[in-house]
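Chains as they are written, first to last, in the numbering used here: chain A, 67 to 292; chain B, 67 to 292; chain C, 312 to 576.
Mixed in with the good hints, there may be bad ones.
Claimed, not checked - DSS-like cross-link-like pairs, simulated, lysine-lysine; straight-line CA separation at most 30 Å:
1. C:K549 to B:K216
2. B:K214 to A:K230
3. B:K230 to A:K230
4. A:K230 to B:K216
5. B:K242 to B:K216
6. A:K214 to A:K230
Stated by the list, open to error - With the Cβ distance kept under 8 Å, some of the chain A side facing chain B (calculated, not the full set):
7. F99
8. R134
9. T149
10. A150
11. R246
These aren't lab readings, by the way, just hints derived from the structure by calculation. These numbers were taken from a predicted model, which means no experiment stands behind them. The beta carbon of each residue, even a glycine, is placed where N, CA and C say it ideally should be.
One-letter residues, chain by chain:
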Amino acid sequence: MTDDPGADSAPTLPLPEPPVRAEWLRLAEALLFASAEPVAEHALAELLPEGANAAAVLSSLQRALAGRGVELVRVGGGWMLRTAEDLAPLLRKRFEVPRRLSRAAVETLAIIAYHQPVTRAEIEDLRGVALSQGTLETLIEAGFVEPKGKREIPGRPTTWGTTKAFLVHFGLASLKDLPRLDELKAAGLLTATPPLPISPMVLEDRHHDPLEEERLPPVDPEGEGR
Amino acid sequence: MTDDPGADSAPTLPLPEPPVRAEWLRLAEALLFASAEPVAEHALAELLPEGANAAAVLSSLQRALAGRGVELVRVGGGWMLRTAEDLAPLLRKRFEVPRRLSRAAVETLAIIAYHQPVTRAEIEDLRGVALSQGTLETLIEAGFVEPKGKREIPGRPTTWGTTKAFLVHFGLASLKDLPRLDELKAAGLLTATPPLPISPMVLEDRHHDPLEEERLPPVDPEGEGR
Amino acid sequence: MTREDAEAGSESPPACPAPLTVSFEGWEGPLDLLLELARAQKVDLARLSVLLLAEQYLDWIARARALDLEIAADYLVMAAWLAYLKSRLLLPPAERPADEPSPEAAAEALAWQLRRLEAMREAGAALMARVRLGVDVWPRGAPEARIERVPGGWAVSLADLIAGYVAARRRALGKRRYAPPPLDLMSVQDALARLVRLLRVVPDWAVLTRFLPPNLAPGLPTRAGLASMLGAGLELAKGRTVALRQDEPFGPIWIKARTEPEPEV
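Construct all of the structure, not just a fragment, from the sequences and the given hints.
Put into structure tokens, the structure is as follows:
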């Protein structure tokens, strides 16, 4: 340990450093467990009572977890829990990781399902944001979406619709089995029709309101631990 | 434990059930830890070596984690790790708490949970008021409610029910664990239609002669039914 | 401000003449109001006095009227039915028409509906009081993998799809989401749904215009609403579920639900 526990909290007292209490360990464990990001030492310190030494708690927790299915590691300026190194391959080998669609992809798929046949420009209009590269491609690769023809307007854009595999995946006998739009409308949706022509402002808007999910790299099952 | 450990794995062997090995506990811990969603018992069983009893491993792990910062609970048809309940006040400082549901949304959610699958019209009937805009939408967005199919009556309205995320959020192992379910059932309060129509239509009709021919035969206790 | 407390002075708290203030804010329909009134009886809902409840409701509506509050049609329809029910309940059994089902049965049906709504409300409260994920306890924040196989290899459900649609459309509609609904003209379909719903609680002949939704703007919306109502009424009359009559040319049109036995399945 590089820290000097107790140096700040009791510099003048000859008393021994306060022991790490079980309660603090519990809190540290819960915090680390539920955090999506590595937890900085000071973040833990904020939750611990006055006088508790976060560094000491962390190293104590690390020792307590040694040999368990989960271990505490130091990454990128913080601490995080992860499955024990030796078990990770076993977990991954046994269970194929189903691919997840990004939120943008799910939304796009929903728009296509309800508004098919629909062009790319119409999808952007209906979602209110531009379609990022790759979203449509992901859906095509997944087999959920296929071209349905051309719209007879200038540029003859391709129209898109859902596939049979789409119906199978969602357990639908036909597209009629999707909840009807008027029912969604009754649920409070589609109460106003948006200005349909894509205005430059709508396109501009996405720069102010980027969809985080379009930027996230896809889940990489091999990538953790970096 | 409602399960019957060992019933499948060793029905004919007189040998005692194998004890839970530390290695299996580690594996179970890692598996549960890696997932933010409930893990089915059979998923663990697939991972454990032949002869290991997944149910026994899980209950053993549950005991081992008792009093720790993270605990093992049975929800949504599987098992899931989550932070200990008593740490909530401290952890709330770190984690954002979702917006409260409106009174109408809570009531609607309860009706859907206890009466599912249920149509919008049935929900409105039960509450005696039209479902206001956005109530169902809020529940859909929260992931608590999903379409369950169509009711085969004119108009084929969509029926709604609760999701697995609903069970997970409310810490329910299954729909059978809904609070007071048996009591409400016994009181007859979960029947689809009231035993008597509130409709006053049955009370009047004095302006015309009563339409004898429209009476149902079964009304007559002496009828051919017996 | 019909009471003497109007001049009681500002320092004393206003005397509350009734358990409920007269306002339509916050009520989710007549049943909601009835339930609140029923609670004021401070008895088990199973032993509720529907007669007393009817009186409370009618009194409440009367006070709301005295204050010139706008009262939605649903509330008035319920008031009409409760007034009717009350008059039936007050008749000694001997004087009741022989061919009439007992008003006690109707009263019990109402009480039952209230119990059911109350039960759902309590169930909702019980749900919200549970240890909830993301509120009281938290799941793994940085999951490493999804464990269960998903058919098709894609972890996306119909619920995800619907939620995605909702989110996309909500964003596209932007700030307009909470705008009051556009001045739609009432369709015959809407009128039909409304009529069917309200007719269940209207006891007797009623003028068709009473079924129009409140707050219809004068002019075209009202005329269109009336036309749709009439269309819906005719449609229902064709299906023999209601009777219509008009006593004189250009006079009001009256409507009444017909008694029909439920079809057996």
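Contradicted hints - numbers only: none
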